[in-house]
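Number of protein chains: 6
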Amino acid sequence: MKVKEIYDFLNELSPFDTQEKWDNSGLLVGNYEDEVKEVHISLDLDLDVLEKVSPNALIITHHPLIFSALKSVNYDSYSSKLLKILIKKDISLISMHTNFDKSHLNKYVAENILGLDIDETDGYITYASVNKDFVTFQKDVEKRLNLQYTKAVQCHDRVKKVALITGAGASMLSEVKADCFLTGDIKYHDAMEASLREISLIDIGHYESEHHFSPLMLGLCEKYLKINKLKAIITASKNPFKFQYQGETVE
Amino acid sequence: MKVKEIYDFLNELSPFDTQEKWDNSGLLVGNYEDEVKEVHISLDLDLDVLEKVSPNALIITHHPLIFSALKSVNYDSYSSKLLKILIKKDISLISMHTNFDKSHLNKYVAENILGLDIDETDGYITYASVNKDFVTFQKDVEKRLNLQYTKAVQCHDRVKKVALITGAGASMLSEVKADCFLTGDIKYHDAMEASLREISLIDIGHYESEHHFSPLMLGLCEKYLKINKLKAIITASKNPFKFQYQGETVE
Amino acid sequence: MKVKEIYDFLNELSPFDTQEKWDNSGLLVGNYEDEVKEVHISLDLDLDVLEKVSPNALIITHHPLIFSALKSVNYDSYSSKLLKILIKKDISLISMHTNFDKSHLNKYVAENILGLDIDETDGYITYASVNKDFVTFQKDVEKRLNLQYTKAVQCHDRVKKVALITGAGASMLSEVKADCFLTGDIKYHDAMEASLREISLIDIGHYESEHHFSPLMLGLCEKYLKINKLKAIITASKNPFKFQYQGETVE
Amino acid sequence: MKVKEIYDFLNELSPFDTQEKWDNSGLLVGNYEDEVKEVHISLDLDLDVLEKVSPNALIITHHPLIFSALKSVNYDSYSSKLLKILIKKDISLISMHTNFDKSHLNKYVAENILGLDIDETDGYITYASVNKDFVTFQKDVEKRLNLQYTKAVQCHDRVKKVALITGAGASMLSEVKADCFLTGDIKYHDAMEASLREISLIDIGHYESEHHFSPLMLGLCEKYLKINKLKAIITASKNPFKFQYQGETVE
Amino acid sequence: MKVKEIYDFLNELSPFDTQEKWDNSGLLVGNYEDEVKEVHISLDLDLDVLEKVSPNALIITHHPLIFSALKSVNYDSYSSKLLKILIKKDISLISMHTNFDKSHLNKYVAENILGLDIDETDGYITYASVNKDFVTFQKDVEKRLNLQYTKAVQCHDRVKKVALITGAGASMLSEVKADCFLTGDIKYHDAMEASLREISLIDIGHYESEHHFSPLMLGLCEKYLKINKLKAIITASKNPFKFQYQGETVE
Amino acid sequence: MKVKEIYDFLNELSPFDTQEKWDNSGLLVGNYEDEVKEVHISLDLDLDVLEKVSPNALIITHHPLIFSALKSVNYDSYSSKLLKILIKKDISLISMHTNFDKSHLNKYVAENILGLDIDETDGYITYASVNKDFVTFQKDVEKRLNLQYTKAVQCHDRVKKVALITGAGASMLSEVKADCFLTGDIKYHDAMEASLREISLIDIGHYESEHHFSPLMLGLCEKYLKINKLKAIITASKNPFKFQYQGETVE
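Chains as they are written, first to last, in this note's numbering: chain A, 93 to 343; chain B, 93 to 343; chain C, 93 to 343; chain D, 93 to 343; chain E, 93 to 343; chain F, 93 to 343.
None of these hints come from the bench; they were simulated from the model. Among these hints, one or two may not hold up.
Since the list gives no way to pick out one identical chain from another, each pair is judged satisfied if it fits inside one copy or across any two copies.
Stated by the list, open to error - In silico DSBU-like pairs for lysine-lysine, Cα to Cα no more than 35 Å straight-line:
hint: 1; residue 1: 173; residue 2: 269
hint: 2; residue 1: 269; residue 2: 129
hint: 3; residue 1: 334; residue 2: 323
hint: 4; residue 1: 243; residue 2: 129
hint: 5; residue 1: 321; residue 2: 243
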């Protein structure tokens with residue numbers, strides 16, 4: 093099966109031209125005419141993933157490997173170090189980022205992982221009605237996402253309406269119309285801003301909220317690939333962070 | 093004492109024209125000719141701080157209240173909500189941000205809080221030689237900064253050379269020349285980048301690494317203000333984040 | 093009555109999204125949820141206007157108070173000095189500038205003040221047929237607008253077709269299709285340009301051609317506000333210029 | 093004598109590379125190798141000036157004929173209409189604008205026309221101490237500049253320190269350190285801004301404050317040109333504005 | 093007949109608003125109201141063309157005389173030297189460049205000069221099916237365009253699908269979907285790029301592929317002008333290049 | 093020997109920071125810590141060059157492989173197709189482009205290839221006095237550069253002062269102060285411009301004028317590399333153009 097055929101299937105699933113203009117989703121490494129032997133799915137690339145993947149495979153990731161355009165390839169940076177291995181092993185790479193966030197990922201995490209009933213979606217933002225005590229809701233989120241700890245800004249005793257953006261969505265804060273906002277990678281100034289706007293925040297982790305990309309994507313393309321005699325495999329990248337609590341490492 | 097006189101004193105301490113060009117340090121609210129009754133010092137402003145501060149005071153903060161220039165004042169956002177109170181109470185505001193990072197704060201936190209021996213400083217980045225087991229060093233950092241938990245990327249067993257930027261410095265990663273980098277607000281993609289560059293990361297918290305601004309600034313201006321019959325008081329803003337570990341709130 | 097309700101009424105009258113992209117019409121100070129006690133109308137804000145207006149009022153002006161976005165509030169400049177008073181007195185401010193020029197003001201001044209028969213309008217520009225001797229027409233304009241003196245560039249003996257832009261419209265000169273152009277704040281280079289293009293100019297004053305905003309706006313919103321138990325009052329800003337002719341002050 | 097030689101003389105008098113970056117001073121029409129038969133001096137070009145000037149002359153003006161770069165030459169606009177005549181008559185044009193403002197013109201008008209004692213100059217701005225009643229000073233300015241009328245913003249009873257920019261300098265208002273600012277082409281919003289900043293304004297006219305360019309320039313180059321057998325002649329452009337006061341034309 | 097009438101006729105033939113945004117097609121010199129005595133047609137302007145054209149004529153060229161906007165007119169550069177003559181002789185100039193490439197020129201050269209059967213056109217690019225040996229095809233192109241020599245990059249033995257852009261079209265290489273690309277002014281780096289992309293190139297000359305503009309335009313406007321009593325004449329500019337082969341000049 | 097050591101040697105020879113700001117000279121592929129087995133020198137890369145070069149070699153080229161930064165690597169374009177081979181064979185690439193033009197190449201070609209006596213150099217441009225009949229000089233240039241044919245614009249009978257830029261330098265035409273300009277890749281509009289400026293042009297070929305890079309560079313680094321036990325080899329890229337004259341291929 094050719095890269096082009098899989099690209100076209102994915103493009104129908106979640107059109108690449110719906111990506112944000114700062115994004116770089118699409119075929120990032122490899123040629124449309126390359127023959128694909130196997131398909132791997134992962135949130136991201138790391139060294140372990142590339143060790144496991146055989147030559148002539150195609151990897152589908154959520155995050156684009158190349159964000160800032162390359163003027164040189166020095167094998168030092170994240171992009172160029174992994175690019176070298178991809179090229180040496182004739183592996184192709186397609187990334188499905190903001191187009192897939194809008195078409196599938198946010199809704200999937202809201203319903204299937206967090207068990208929320210979606211009210212509406214507005215671009216990136218998924219809204220759901222919740223009527224729970226804040227601490228109870230926070231515990232529930234922590235458990236469902238399997239978070240080691242939770243960092244939160246609490247502005248209200250109860251959570252009524254929740255907004256969700258998987259990954260790092262805090263820059264959208266001023267557009268959120270809810271009393272509680274779930275997203276990952278929340279920074280200190282986001283927390284100060286939310287606190288004054290009286291919108292509670294629960295940090296759901298970037299990796300923790302998005303590694304669900306892999307099973308979701310597998311479910312979406314497994315059947316189509318099988319018909320075309322291709323195996324689709326989840327080969328998941330790891331969370332780069334390790335946590336320590338009161339001097340003890342948390343596994 | 094006039095705002096102008098204190099501004100000139102602070103400018104001599106840490107010249108405002110050494111700030112980064114995206115920064116907004118300086119006199120943000122109030123007039124050089126205003127008479128100051130009292131001086132308060134805080135990392136940031138929040139509602140509690142402004143409740144405690146009396147009219148006609150001057151507040152010296154680390155972070156500028158206004159970052160994006162205002163085209164309207166709607167009392168909804170962090171900046172405009174607090175701006176309203178400052179104006180109503182005739183409080184003046186001077187922020188000392190990146191100029192002060194370079195002249196004082198990074199070095200102070202490195203030596204006085206983290207107990208490091210500084211090798212050299214390069215703009216924002218402070219370097220120190222450490223020769224410790226990674227986990228031991230991480231525990232030590234956690235304890236000295238009084239962190240509730242620590243998020244880290246470990247690339248090496250031992251920590252040899254450390255780079256430090258207080259606040260949120262991860263965008264400087266590609267310029268760091270050390271095997272371990274301490275900064276706050278580390279995001280997932282920073283961690284992936286560091287992991288491939290084989291630079292360990294320890295997240296020292298934005299608030300936790302910078303609230304030392306207040307005692308440091310107090311020490312630097314207390315005497316001068318006293319001579320001029322002004323009291324300097326630390327009126328500290330709070331960390332907006334609360335933490336929960338395994339379903340239990342961490343105090 | 094809430095600011096939001098009046099904003100919505102005004103938006104229906106003259107949609108804010110029809111403003112020019114360099115403009116800053118809209119709610120500039122105050123919160124949509126604020127309760128309004130009284131409505132004042134003025135071309136602009138000045139110290140006298142703000143002295144007369146009671147707390148918790150809403151002022152509707154033609155010119156936006158804030159044009160260049162604010163990075164600090166020093167109480168020195170026009171914007172920040174008046175902003176301070178607005179905030180201290182809990183006064184809200186809505187400005188209706190280029191949207192209102194296009195929807196109402198130019199046509200009103202053309203017909204009701206200058207007594208012209210409008211041929212057509214093209215964005216900002218209102219056209220009318222006049223068939224008068226230039227000097228007679230100039231005297232007529234001077235009288236109807238109550239100008240202390242008139243500055244003009246005369247290119248033709250008779251005025252046939254007139255173009256009108258209230259306020260300062262001379263930058264539109266190259267798009268004017270008429271033999272005589274009426275606008276305010278005409279500068280020397282505009283006059284040189286018009287002279288070579290053989291388009292006569294009559295300077296109708298910025299204040300003098302636009303202070304009609306107040307009675308016009310009053311007429312448009314008085315009834316609606318009255319139904320909602322709110323009084324609408326013209327509290328007019330003053331012309332900042334005084335004139336002296338041959339050494340004598342002109343009143 | 094060649095254009096190049098006169099250009100070099102003028103460049104020594106007031107270096108062209110000291111012009112502002114938005115300016116277009118220099119040789120605007122003609123070739124350095126052209127032979128010059130006669131030199132004319134004028135604030136600006138107009139049709140009368142070009143009728144009087146003989147072929148193969150060089151004109152030295154204050155204002156550059158071309159400001160916005162030309163993508164077509166349609167003989168409609170001020171620039172292209174006059175450009176046509178210049179080219180047809182083989183006339184060369186050198187403009188000395190902001191370089192000459194800084195080196196000569198502001199100071200000359202301050203001392204020789206307005207009779208002020210200069211305290212200091214700061215770029216464009218010339219400062220002088222005056223200690224007069226505002227109305228008396230305004231009358232004096234009106235008389236010395238031979239103004240038909242004077243438009244002013246009076247903020248103080250007495251004038252102590254005056255700032256002067258000939259031409260149109262109101263955009264420099266926020267940098268002026270004086271209680272009274274003299275410049276031309278003052279617009280309504282400039283007046284509102286000055287009024288709140290408590291800086292009085294007296295509009296000295298753009299043409300009226302700058303047509304002194306011609307005798308000043310004549311004095312500076314007459315001798316040099318005479319030695320080189322060239323006659324220098326003032327061929328002055330006219331003020332495009334005519335004034336009418338209470339229905340009567342003012343001559 | 094007025095310039096405006098001919099402009100309108102040409103605009104109907106090939107609308108000026110379909111030109112590329114970097115282009116400068118349209119009326120470049122002269123006024124819409126000018127009376128035209130004669131119409132000349134040429135690929136470009138040069139000194140010989142302007143010597144032959146009588147005063148008050150209109151010239152229609154393919155290439156715009158003015159590309160970079162003029163801030164001064166020094167009679168040194170190509171544009172300003174010819175502009176001087178146009179103005180002195182009251183000649184008007186209309187250029188029909190990228191609008192005409194798309195509407196007429198590419199297709200005309202493909203069919204009428206190169207004898208190709210057009211498959212389709214995509215903006216600038218005209219495609220045709222050819223099934224010939226490369227060298228035979230190259231000789232055919234050389235003969236039909238009357239080229240002194242041909243510079244080519246040969247990637248395949250046979251030419252199957254040809255893409256054509258008259259003038260200098262090599263910057264469109266990455267969008268070409270053909271095995272052989274004909275265009276002029278091919279540079280070394282274009283040749284390297286094409287070589288790796290396996291697209292053959294044949295350099296058809298900029299002048300040699302576009303001087304057909306003149307007879308084509310003549311055919312399109314002759315009848316219309318004749319009805320309006322105007323003569324249309326081809327007054328062709330010359331190819332600026334002369335060729336030398338093995339030390340002998342090629343005529 | 094490490095890449096870093098050779099980079100440092102080359103940087104001393106011709107500092108990389110003297111390159112033009114649009115250029116991309118430097119280490120483009122490979123890591124400073126890579127061990128180099130062999131050094132190859134070529135004007136450019138092509139498939140034949142990369143076939144001949146062994147793994148772990150370093151290639152020094154004149155032209156940078158990457159000009160436009162890469163957002164994806166599709167193996168279609170010149171850059172990405174060759175990048176793939178470089179990476180697969182662990183070959184490093186250093187390019188020395190505009191820094192080397194200024195420090196060495198232009199002067200070398202002027203003196204050693206064209207046999208000119210250099211008068212002066214001004215950035216890129218090398219000037220020499222020649223006093224020859226144009227056709228004689230053209231023949232001489234053709235012979236010395238071994239050109240198959242020569243394309244020229246002749247404006248004068250004799251060549252007095254020559255300006256030289258190897259490669260493609262025609263965009264510098266307006267800065268050239270000579271009666272004859274030698275450069276490669278001259279386009280039709282350059283020729284028209286030169287013709288009106290009365291500067292003769294002789295097209296010396298991009299490849300033909302710059303492939304001298306290889307022996308020049310070999311001479312400069314051979315000895316240094318030999319001391320460090322490294323062999324330096326010229327592995328020259330080919331001229332992508334083939335020429336046909338009057339239907340016959342020129343070898």
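Cross-check of the supplied hints:
{"no.": "1", "hint": "173 x 269", "result": "between (41 Å within a copy, 18 Å between copies)"}
{"no.": "2", "hint": "269 x 129", "result": "between (46 Å within a copy, 28 Å between copies)"}
{"no.": "3", "hint": "334 x 323", "result": "within (32 Å within a copy, 45 Å between copies)"}
{"no.": "4", "hint": "243 x 129", "result": "neither (43 Å within a copy, 38 Å between copies)"}
{"no.": "5", "hint": "321 x 243", "result": "neither (45 Å within a copy, 43 Å between copies)"}
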